[in-house]
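Novice: Those protein sequence lines, which keep their order, are chains A and B.
Residues 1 to 199 in my numbering are what the first sequence spells out, letter by letter.
Residues 1 to 119 in my numbering are what the second sequence spells out, letter by letter.
Among these hints, one or two may not hold up.
Said to hold, decoys possible - Restraint-style ranges between C-beta atoms, simulated for each label pair:
#1 A:130 - B:65: 18 to 26 Å
#2 A:57 - B:54: 28 to 36 Å
#3 A:40 - B:54: 42 to 50 Å
#4 B:106 - A:79: 44 to 52 Å
#5 B:110 - A:122: 44 to 52 Å
#6 B:92 - A:118: 36 to 44 Å
Hints were generated in silico from the structure; no laboratory data involved.
We treat Cβ as the ideally placed atom computed from N, Cα and C, and that holds for glycine.
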Amino acid sequence: MKIEGATRAALVRVDPEGWVDEHGDCLYRYALFRVRRPEIAEDLVQETFFTAVRTSGSFRGKSSERSWLCGILKNKICDHFRTLGRETSFTDLEFLDNELSNKFVSQGFWNHERGPLEWKPEAEVVMQRAEFWETLRNCLSKLPARVADVFMLREIEEMETEQICRALNISPNNLWVMLHRARMALRECLEINWFNDPR
Amino acid sequence: MSGEYNPSPEGNPSFLARRNRFQTALVKFIGKRTPKCREVVRILSQSMDSKLSLIMRIKLRLHYLICAWCQRYDKQLHELRKFTSSVPSHLDDFSADTLSPSAKERMKEALSEDRRELG
């Protein structure tokens, strides 16, 4: 009987010190990638573990331990940007204006020589290549920092647009523009650096 | 000519191109009644964050008949989303950053202290 009880306890074992060794680096990489400053990334990881200890009752082992922790960290990153906010400058919004102009002919249709190419191979194949992720990171790093923040809050942390506007104190219209230009720039960058030149 | 769909080049991949008089008429008809590509890409970005009206979705469908490029753009925005949302699980592929041993020790200490406090 005792053994059975112990096995059950082991199934939902809470081992915070073990998490640090097993998932610490992975979480830290994600946090550092998003907030860019080591000391802040470290704090966010630590807070993630604290929250995990307090909410471990809700973890039933349905998702992997790592993706559960990752989900908590996502919320911490959103909170971090919420407290940052209030200092957004939009001077870098012109970052795509010039590049856009040669994409379309004056009537507003695609300049066919410069229209989107067909991407090959398929997304699933591409995602298995380590080099692809490096290309994507390089493309993301070319975005102006604030535009990258907004884009990644939307696409990685999956924050709702209204929440992003409130958190970063930007108008909905500015948000649409930033997201549109980020997508346009990234699409273009991936096409040039990956799909046009698949290694 | 302004406002008209510009003549299709050789090998236009779109479903409808100016391959004969009938197609040319259709292309012009659709080109005048759906947003221009420059506008379509803006709308497509919005469609990633909010639901478009039924009318707009129909207009886009029609537009795709004469513009394979906008259709590709739409598909690629969805792929871009798939790529970007998977970035956290692929960070090992392009980042060697790790927590320093001392940082790990600090965290473990804080965690065990925290647990003692929690009882």
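Novice: So, against the hints stated earlier in the document, which numbers end up violated here?
Specialist: 1, 2, 4, 6
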